[in-house]
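Protein chains: 4
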Amino acid sequence: MNFCSDNVSGASPEIIDALAEANQGASMPYGEDPLTDRLRQRFNEIFETEVTVYPVATGTAANALALSAMAPPYGSILCHEESHAWEDECGAPEFYSGAKLVPLAGEHCKLSPEILEAALGRFQVGFVHHTQPAAVTLSQASEAGTIYSVEETRAIADLCRERDLKLHMDGARFANALVSLGCSPADATWRAGLDVLSFGATKNGALAAEAVVFFDEALAIDFGYRRKRAGHLWSKMRFLSAQLDAYLTDDLWLRNARHANAMAAQLAGALAGLPGATLLHPVEANELFVTVPQHVSEGLLADGFKFYPWAAGGPDCIRLVTAFSTSEQDVSAMIEAAQGYAAGTANSATDDVQTAV
Amino acid sequence: MNFCSDNVSGASPEIIDALAEANQGASMPYGEDPLTDRLRQRFNEIFETEVTVYPVATGTAANALALSAMAPPYGSILCHEESHAWEDECGAPEFYSGAKLVPLAGEHCKLSPEILEAALGRFQVGFVHHTQPAAVTLSQASEAGTIYSVEETRAIADLCRERDLKLHMDGARFANALVSLGCSPADATWRAGLDVLSFGATKNGALAAEAVVFFDEALAIDFGYRRKRAGHLWSKMRFLSAQLDAYLTDDLWLRNARHANAMAAQLAGALAGLPGATLLHPVEANELFVTVPQHVSEGLLADGFKFYPWAAGGPDCIRLVTAFSTSEQDVSAMIEAAQGYAAGTANSATDDVQTAV
Amino acid sequence: MNFCSDNVSGASPEIIDALAEANQGASMPYGEDPLTDRLRQRFNEIFETEVTVYPVATGTAANALALSAMAPPYGSILCHEESHAWEDECGAPEFYSGAKLVPLAGEHCKLSPEILEAALGRFQVGFVHHTQPAAVTLSQASEAGTIYSVEETRAIADLCRERDLKLHMDGARFANALVSLGCSPADATWRAGLDVLSFGATKNGALAAEAVVFFDEALAIDFGYRRKRAGHLWSKMRFLSAQLDAYLTDDLWLRNARHANAMAAQLAGALAGLPGATLLHPVEANELFVTVPQHVSEGLLADGFKFYPWAAGGPDCIRLVTAFSTSEQDVSAMIEAAQGYAAGTANSATDDVQTAV
Amino acid sequence: MNFCSDNVSGASPEIIDALAEANQGASMPYGEDPLTDRLRQRFNEIFETEVTVYPVATGTAANALALSAMAPPYGSILCHEESHAWEDECGAPEFYSGAKLVPLAGEHCKLSPEILEAALGRFQVGFVHHTQPAAVTLSQASEAGTIYSVEETRAIADLCRERDLKLHMDGARFANALVSLGCSPADATWRAGLDVLSFGATKNGALAAEAVVFFDEALAIDFGYRRKRAGHLWSKMRFLSAQLDAYLTDDLWLRNARHANAMAAQLAGALAGLPGATLLHPVEANELFVTVPQHVSEGLLADGFKFYPWAAGGPDCIRLVTAFSTSEQDVSAMIEAAQGYAAGTANSATDDVQTAV
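Those sequence lines, one after another, are chains A, B, C and D. In terms of our numbering, the first sequence has 287 at position 287, counting the first letter as 1, and numbering is strictly consecutive. In terms of our numbering, the second sequence has 88 at position 88, counting the first letter as 1, and numbering is strictly consecutive. In terms of our numbering, the third sequence has 304 at position 304, counting the first letter as 1, and numbering is strictly consecutive. In terms of our numbering, the fourth sequence has 356 at position 356, counting the first letter as 1, and numbering is strictly consecutive.
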């Protein structure tokens, strides 16, 4: 009953199994193994084009390394002010790239061509005093659990092309966004104008596996060195590739994401219906931010449901994140409990105990 | 029959099992889980003192992050000119620390107080034009498969103390060195004056797991930020901790290392006895560098034995690395084949094939 | 008649003379000369306390180096979103410190305890995902030509102390601010709680000379190395010190600043009185931002007056900067011309020419 | 009578005069002034080709910035182990470039194709574990006061071309080398295959002025940003350009260098003739390293002659550096005194005093 984050979940059993299976005999290290080769093919198929893929273990590494390939040290990278890259990576993108992140406001954690245009207006191209805008990074799904439609992504990509900016997508929750969009991976990415994708798997079923996917091969030219220099090249690469390979097998990634999103939708539907409750953002992936009366959230916590308050959403706002491993029972239990507290017909476990004493 | 490196091996089955076992239920992320807690205790026990431990996935990350905590950006770090840190990490230690690595020559890939003294003589303390010597890093076992005796480590540590330098050990093959030394982990490290250890597990049975172990807690004060900023903090940390926990359980690490070393010793004993063969370095861990007649190494390669030539050791020098997974049969087969080629009684598989055609 | 910036001016003759005078005989390099010694004394006297002083040639170097001594690589530095450090140093502060600058909005280019409190609320102390707030930087005078009163500085310093943040002042126009405040250098800085000052001289009469002044000596502990490692240590340091020494002699710095401010005040008084004109910010130092009818600014430009439009202030906003070298005649001429255009009694030089043709 | 370094000298009067002359009226900042324009032309003429020139104030800045334009962060830069870049810039080249400097031994502080070939043999191109050799830097004149002949430079440049390395020259004492070579600036640089030159002026008569000269314009593409981001762009650029302009006017730079070299030659000729004296290196520019009996050097120091012992050359080795400002009288006085001490006919001033007491 832990809704704190999708990273409180373990791994999909299929992925654990894949590790055991990959553990056969000797294999050349550093990506020279057959499993990694197969993985490259698989990515080509899934994205319906030739892509360049570099597996790494964490989302922060994927983002920071990807951005370091997209902006020079004197460049700037436009991002949302609530993005993971700006807020939750302890400066990793700047460390890896040397570039400056420029945080921008935007509703529901999303950027738009208008927001970007306004920001770009403050930079003078070729003016050595200004860092030079080099890239834009979007989170898909966003940190608010919202998604960019294909048209929204394309509009931003068009602006990027026009202004000679590279476009990156932080896809830590890419699968959740994709199943919500209902389009193909290609449509959601390079056909919409994306240059590089941090393709997340950890939050959606892997132990620790992400892939930096380059749609523009030229950007990847020195990525191997960058990854190694950062200590993110695994010697026993097969164990990173095996995770991603299993993740992409039999649509595991999409099934996991669909489940997580469905669980979020159920929670959202029920909680938003409580008296006095409001959703802070549309629920389009596997996260919801909802304001509920204080006694409801206190009751839930007392019952052992785990989640975080969300101060940015106001005093009574909480964040709930679902995952592939979130069970229908947990969701139902939470809804029932919340409805009980809202209706005043339930006492919290704590209260019970206190009464008992 | 792959002797290219210890990282061509997979993982110990116990470690794969531990991942499956760790994959139960929800668990708080980023190291706030019970398994990581237990791991910390285990390290305290093994080192017989309170240590500060940070798991990461790669040896390069462990070294580079450790060194970044031991030297300021204007500092210098003395290392062997054939060390992994200097040669094989694509500049990661410099990237992470900002400091300058200073490569020094020394027999059998080892440093000594005399070598360090001579090098330090070129630096003027307090002179702003010079980077300021801040740390020394040793590889244990060394890249030549040799080891520092406890006395040798202590002599270097004494010099470091006197000169106000921190002492780091790259223990990518620490277990191999330890079983060769035959002393306790504490005697091999902090009791000998070590400040920080990169405690390797990947080469000796883990999938991807190392630990930065601080014997001097003060050095670890900001390590959590450094690890995160480098993208080396796993969200599902339990899967990193589970590997290390299993590695340390029931002496798996020592058993694996003893086996690897024994295999290397067998190979060394037999190959050194071949006519015209010489060992480049004493064989004290799980690596051997041996010069064998060209037709012997060609024959072995043709038979499917895999290993690398070692140009630094001369035209006929080859490197063989054994691992926990190297089988007695493989070793016997190689010895037999080598002896056959040396005696001129064997034809290589390639020759056979060619004859057959 | 160039009001583009205070750096279009040359140097005060006294400062050129000082260079010639310093050019006598041999002198030990890198700051081991008597002139640099004397300069240190002079700074102690002027600030009425023992300070630690490092001369450098540019304001960007002063700021970036100062901030690098005040924040760790995983730290963050709060600044105004229109500050020179954020906008006009091409990322130098981040390059030198490794830290992240966090841009904040605030009226008239000024920060306040309230603005800082709100920003700090987004950071969780000890949370490794967040960069850790380490310092605040203020520009005095600000980039809007406004100044912080001593009370305003102190209020921010108090907050900094409480939150364990260091306080830096970008004093590229410190003299202009000081004469406007009418207090002592000590009152404007360390007595108000400041830790480090970038003491500017270039804009106010030097060729190229600034000083990083540490009121907290502990912060300066490794500054010598930082300056050298950045290539900002002059070998013939006497020529940097000579500039600063002359700048501080006989109140040259204060006289220059008073003149520049007076010229700005005259311009402001007159231009603000034009029909349709408004000042964007209070004029408290040597810069003014004023909205004037388009035909007025066009006329002035055509007459050969030089200045920049200021897009951030709206379509008709222009920026005028005065300097020690701005003559009363130039100011009078500009006022007269502006009044003429505003009253419709003047034709621009361009118009004249066009009429003539 | 100070022979400690060429940076103990002041500036040529012509250069001080040029500053005064440049101090006329307003001038656009940051290099948009007519004097900087003229300087660019002048460099084109002197080098008989179109070059790209960026003035900066220090030699360390020139070297570090130049190298940052020549090597990627995962690159390596081969240099001599006694070069200024390796030993005396506190890590500036690594800080600016992110690349790794690789120190190499070589007689008389010089590199050769053979030395470079051997070093390159340790790097595997395209192997992500190795930093990738990207550039070579030579010091001309070298830190031993020796020079590369045009043929020697060309031989190294040919190797660089073949191995796809860029070639940089640290010309802190370029003028001293040039007059010794007796060839044209073009022959000594780009015609010999050089890509980038740190053109020094400070040691040979400027206050603080060097120029990064790109013969390969493509390398300069982002240099403006790099210089600004490092705080090395002067706002009142005319004062940097004025120094260099005067330096190049009427052959001042060559006249100064010829004088300095002649003074060194006189000293070398006389001191090498002393009984028991030997020169450590050929004297080809303005530095000499000479071993003299201890009582001679003690006597000279007691007489007030200033110079440094040179430990690397042995216990009795001293270094003497001459400059444009070194007078014939000082040189004669030193020779006479040295000869006196060597012959036993002189007592040191100290001895006199002691005797007198």
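Careful, some of the hints might be misleading.
Identical copies go unnamed one by one, so any copy, or any two together, can satisfy a pair.
As the list claims (entries may be wrong) - Result set (SDA-like, lysine to any residue): computed pairs, CA atoms no more than 25 Å apart in a straight line:
(1) Lys306 - Leu248
(2) Lys306 - His129
(3) Lys306 - Ile115
(4) Lys306 - Gly25
(5) Lys306 - Gly126
(6) Lys306 - Arg122
(7) Lys306 - Thr52
(8) Lys306 - Met1
(9) Lys306 - Glu32
(10) Lys306 - Ala26
(11) Lys306 - Pro34
(12) Lys306 - Glu151
In short, the hints are calculated from the structure, not lab data.
Provide an ascending list of the numbers of those earlier hints which the structure does not satisfy.
1, 3, 7 and 12
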